[in-house]
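**Q** Here is how the chains run, residue by residue.
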Amino acid sequence: MEMTDIQKQILILTQEGIPITSSPYQDISQQLGITEEEVVKQITLMKELGIIRRFGASIGHRDIGITANAMCVWNVPDEDVEDVGGIMATIDDVTHCYARPRHPGWPYNIFTMVHSYSRDDCLAIAEEISKLTGIDDYKVMFSEKEFKKIGIRL
Amino acid sequence: MILLDETDKKLLNLVQLDFPLDAHPFRILADKTGISEDEVIKRMQRLLDEGAVRRIGPIINSKETGRVGTLVALKAPEEKIEQIAELINSYPEVSHNYLRPGDYNVWFTLSASSNERLQEILEELRQEIQCPMMDLPTTQLFKIGVKFKIK
Chain D
1 MEMTDIQKQI LILTQEGIPI TSSPYQDISQ QLGITEEEVV KQITLMKELG
51 IIRRFGASIG HRDIGITANA MCVWNVPDED VEDVGGIMAT IDDVTHCYAR
101 PRHPGWPYNI FTMVHSYSRD DCLAIAEEIS KLTGIDDYKV MFSEKEFKKI
151 GIRL
Chain R
1 MILLDETDKK LLNLVQLDFP LDAHPFRILA DKTGISEDEV IKRMQRLLDE
51 GAVRRIGPII NSKETGRVGT LVALKAPEEK IEQIAELINS YPEVSHNYLR
101 PGDYNVWFTL SASSNERLQE ILEELRQEIQ CPMMDLPTTQ LFKIGVKFKI
151 K
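So the protein lines, in turn, are chains D and R. Per the working numbering, residue 1 is the first one in the first sequence, and the count goes up by one each step. Per the working numbering, residue 1 is the first one in the second sequence, and the count goes up by one each step.
Same shape as in the complex, but just chain R:
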């Protein structure tokens, strides 16, 4: 667990949504937090090194890159969960895969280069895994923010 002081938290809440697009972005953050640019850079580097920040960069809109995605839930038998999860993970098109409680216990997201490719993967997995599967594509998007409120 990474320890954060109030300045770190302030920085983290500032840089998630709109990182400054300016010749000297850390100078702008320095002005907003009341510390020097050097100090901001030092702190951001530590936050990166320790994993509080994974990267600062673009979050690409998958739709704009022509990718087609869905959420899939399946009822995996207890004793086969690990094996099934491994098979699912072997597809580079799988971005998230979680174990959750309940009848439907394996939940993963797929993002493929075309709908054909998406359907092909789903069909392969149906054949290979042979357990009940729900295909849950987004019909309406209300929010995809992933800005964390850091307290």
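For reference, chain D alone in the conformation it holds in the complex:
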């Protein structure tokens, strides 16, 4: 997807966060020499086009107590991947859900990320997912250390 120059400039100006003022889009528009309406219109358009996945707050989840994160991996029969992935995606505590290839000695082909307040919470959620989908060959892998975490920037 080709972005226009003005779209790129809006992304660059907003990707580190909009100002917390009464009229943040006006502040941005003044820096770009365009109207406030144009800024709002372009952000809306980029959302519709899928250039922006979402426009909102990124949460410092660890700082507010959501400290447990588990990568749950599931061994799902190939013909059921579509259905099972769809079900898993509907669960609130599942923030990410992907199908990925199997490898020798690694039978797991669906990956879900679960974020919650405690490891016990995560384990209970995984158990709930297992009951809901009937998939009982799975592993819950907590993160023991965060070496790096950054978001995507232009």
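To be clear, the hints were calculated from the coordinates, so they are not data collected in a lab. Keep in mind it's a predicted model, so treat the numbers as computed, not measured. Note that CB positions come from ideal geometry on N, CA and C, so glycine has one too. Among these hints, one or two may not hold up.
[What the hints assert, rightly or not] Partial list, derived from the structure: chain R residues whose beta carbon lies under 7 Å from chain D:
| hint | residue |
| --- | --- |
| 1 | Ile2 |
| 2 | Gly57 |
| 3 | Lys143 |
| 4 | Lys149 |
[Claimed, not checked] With a straight-line Cα cutoff of 25 Å, these simulated DSS-like cross-link-like pairs (lysine-lysine) come out:
| hint | chain 1 | residue 1 | chain 2 | residue 2 |
| --- | --- | --- | --- | --- |
| 5 | D | Lys47 | R | Lys143 |
| 6 | D | Lys41 | R | Lys32 |
| 7 | R | Lys42 | R | Lys32 |
| 8 | R | Lys80 | D | Lys149 |
| 9 | R | Lys10 | D | Lys47 |
| 10 | R | Lys151 | D | Lys149 |
| 11 | D | Lys139 | R | Lys143 |
| 12 | R | Lys63 | D | Lys41 |
| 13 | R | Lys149 | R | Lys32 |
| 14 | R | Lys147 | R | Lys63 |
| 15 | R | Lys149 | D | Lys148 |
| 16 | R | Lys147 | D | Lys139 |
| 17 | R | Lys9 | D | Lys149 |
| 18 | R | Lys9 | R | Lys32 |
| 19 | R | Lys149 | R | Lys42 |
| 20 | R | Lys147 | D | Lys148 |
| 21 | R | Lys149 | R | Lys9 |
| 22 | R | Lys75 | D | Lys149 |
| 23 | R | Lys10 | R | Lys149 |
| 24 | R | Lys32 | D | Lys47 |
| 25 | R | Lys147 | R | Lys32 |
| 26 | R | Lys10 | R | Lys42 |
| 27 | D | Lys8 | D | Lys41 |
| 28 | D | Lys47 | D | Lys8 |
| 29 | D | Lys131 | R | Lys147 |
| 30 | R | Lys143 | D | Lys131 |
| 31 | R | Lys75 | D | Lys145 |
| 32 | D | Lys47 | R | Lys147 |
| 33 | R | Lys63 | D | Lys149 |
| 34 | D | Lys8 | R | Lys63 |
| 35 | R | Lys10 | R | Lys143 |
| 36 | D | Lys131 | R | Lys151 |
| 37 | D | Lys139 | R | Lys75 |
| 38 | D | Lys131 | R | Lys149 |
| 39 | R | Lys147 | D | Lys149 |
| 40 | R | Lys75 | D | Lys148 |
With chain D's structure known, arrange chain R on it following the hints.
**A** Coordinates of chain R only, in the frame set by chain D:
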């Protein structure tokens, strides 16, 4: 740990998915939470300053920007984990890198400007690290939400 009252939690649950695209977004949030616009701005500023909110802005779709990504898992020997993690982190293309329990203990995500660049990085890391590595690109995306249910 940042303490949140019920109004803070309400605000946080409101602003994650769709922050208002309106001339006065905080006024809209004020109407929804029953406090004044000034109070919303004051609270959001505190939440930002203390780290409950990292930023309010666009979450860019990496696919739309032409980037190619994958998840990589490797079996790093215990005594070399830190050194290997540091090498991995030195690539700006690495966005997340975690230590997890199990045979495959180092898990990281890569996002490169092209598939060629991605393969080049993987090859460099294979050569440099010399331990079993799984390349796990997404074959199907079911959800990438990252909206936290704040209780």
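**Q** Hints first: check each against the structure and report whether it holds.
**A** Comparing the hints with the structure gives:
1. Interface hint at Ile2 of chain R: satisfied, since its Cβ lies 5 Å from the closest Cβ of chain D, which is below the 7 Å cut-off.
2. Interface restraint check: Gly57 of chain R against chain D, minimum CB-CB distance 5 Å, threshold 7 Å, status holds.
3. Interface hint at Lys143 of chain R: satisfied, since its Cβ lies 4 Å from the closest Cβ of chain D, which is below the 7 Å cut-off.
4. Given hint, Lys149 of chain R at the interface with chain D, holds; its Cβ is 5 Å from that chain's nearest Cβ, closer than 7 Å.
5. Distance check on the hinted pair: Lys47 of chain D and Lys143 of chain R sit about 17 Å apart at the alpha-carbon level, within 25 Å; holds.
6. With a C-alpha separation of about 23 Å, the suggested pair Lys41 of chain D and Lys32 of chain R falls inside the 25 Å cut-off, and the hint holds.
7. A threshold of 25 Å between alpha carbons decides the hint, and for Lys42 of chain R with Lys32 of chain R the separation of about 16 Å falls inside it, so the pair holds.
8. Between the alpha carbons of Lys80 of chain R and Lys149 of chain D the distance comes to roughly 20 Å, so the proposed pair stays at or under 25 Å and holds.
9. About 24 Å separates the Cα atoms of Lys10 of chain R and Lys47 of chain D, which keeps this hinted pair within 25 Å; it holds.
10. Restraint check: the Cα-Cα separation between Lys151 of chain R and Lys149 of chain D comes to about 24 Å, which is no more than 25 Å; the hinted pair holds.
11. Annotation: proposed proximity of Lys139 of chain D to Lys143 of chain R holds, straight-line Cα distance about 19 Å (limit 25 Å).
12. Note on Lys63 of chain R and Lys41 of chain D: the hinted pairing holds, with a Cα-Cα distance of about 22 Å set against a maximum of 25 Å.
13. Proposed proximity of Lys149 of chain R and Lys32 of chain R is supported: the alpha carbons are some 18 Å apart, at most 25 Å.
14. Only pairs whose Cα atoms come within 25 Å are accepted, and Lys147 of chain R paired with Lys63 of chain R is accepted, the gap being roughly 20 Å.
15. Taking the CA atoms of Lys149 of chain R and Lys148 of chain D, the gap is about 23 Å. The hint holds against a cut of 25 Å.
16. For a cut-off of 25 Å, the pair hint linking Lys147 of chain R to Lys139 of chain D stands: about 23 Å separates their Cα positions.
17. For the suggested pair Lys9 of chain R and Lys149 of chain D, the alpha carbons sit about 24 Å apart, so the restraint of at most 25 Å is met.
18. Note on Lys9 of chain R and Lys32 of chain R: the hinted pairing holds, with a Cα-Cα distance of about 13 Å set against a maximum of 25 Å.
19. For the suggested pair Lys149 of chain R and Lys42 of chain R, the alpha carbons sit about 22 Å apart, so the restraint of at most 25 Å is met.
20. Simply put, Lys147 of chain R and Lys148 of chain D have alpha-carbon atoms about 20 Å apart, close enough for the 25 Å limit, and the pair holds.
21. A hinted pair counts as satisfied when its Cα atoms are at most 25 Å apart, and Lys149 of chain R with Lys9 of chain R qualifies at roughly 9 Å.
22. Straight-line distance between C-alpha atoms of Lys75 of chain R and Lys149 of chain D comes to about 20 Å, which keeps the hinted pair within the 25 Å bound.
23. Between Lys10 of chain R and Lys149 of chain R, the direct Cα distance comes to roughly 10 Å. Compliance with the 25 Å bound is thereby established for this hinted pair.
24. For the proposed pair Lys32 of chain R and Lys47 of chain D, the alpha carbon gap of about 23 Å is at most 25 Å, so the pair holds.
25. Pair hint Lys147 of chain R plus Lys32 of chain R holds up; C-alpha atoms about 19 Å apart against a cutoff of 25 Å.
26. A C-alpha spacing of about 15 Å is found between Lys10 of chain R and Lys42 of chain R, which places the hinted pair at or below 25 Å, so the restraint holds.
27. The suggested pairing of Lys8 of chain D with Lys41 of chain D holds, with an alpha-carbon distance near 14 Å, which does not exceed 25 Å.
28. The hinted pair formed by Lys47 of chain D and Lys8 of chain D meets the criterion: a straight-line CA distance of about 13 Å does not exceed 25 Å.
29. Our distance criterion of 25 Å between C-alpha atoms is met by Lys131 of chain D and Lys147 of chain R, whose separation comes to about 23 Å.
30. Using a Cα cut-off of 25 Å, the hinted pair Lys143 of chain R and Lys131 of chain D holds, with the two alpha carbons roughly 20 Å apart.
31. A C-alpha spacing of about 15 Å is found between Lys75 of chain R and Lys145 of chain D, which places the hinted pair at or below 25 Å, so the restraint holds.
32. A distance of roughly 16 Å separates the Cα atoms of Lys47 of chain D and Lys147 of chain R; the hinted pair therefore holds under the 25 Å criterion.
33. As the CA atoms of Lys63 of chain R and Lys149 of chain D are separated by approximately 19 Å, the hinted pair is consistent with the 25 Å bound.
34. For the given pair, Lys8 of chain D sits about 15 Å from Lys63 of chain R by alpha-carbon distance, which is consistent with the 25 Å threshold.
35. For the given pair, Lys10 of chain R sits about 24 Å from Lys143 of chain R by alpha-carbon distance, which is consistent with the 25 Å threshold.
36. Simply put, Lys131 of chain D and Lys151 of chain R have alpha-carbon atoms about 24 Å apart, close enough for the 25 Å limit, and the pair holds.
37. The hinted pair formed by Lys139 of chain D and Lys75 of chain R meets the criterion: a straight-line CA distance of about 17 Å does not exceed 25 Å.
38. Of the pairs offered as hints, the one joining Lys131 of chain D and Lys149 of chain R holds, with about 22 Å between alpha carbons and a cut-off of 25 Å not exceeded.
39. Distance hint between Lys147 of chain R and Lys149 of chain D is fulfilled; the C-alpha atoms sit about 17 Å from each other, no more than 25 Å.
40. Only pairs whose Cα atoms come within 25 Å are accepted, and Lys75 of chain R paired with Lys148 of chain D is accepted, the gap being roughly 18 Å.
Hint violations for this structure: none, all hints satisfied.
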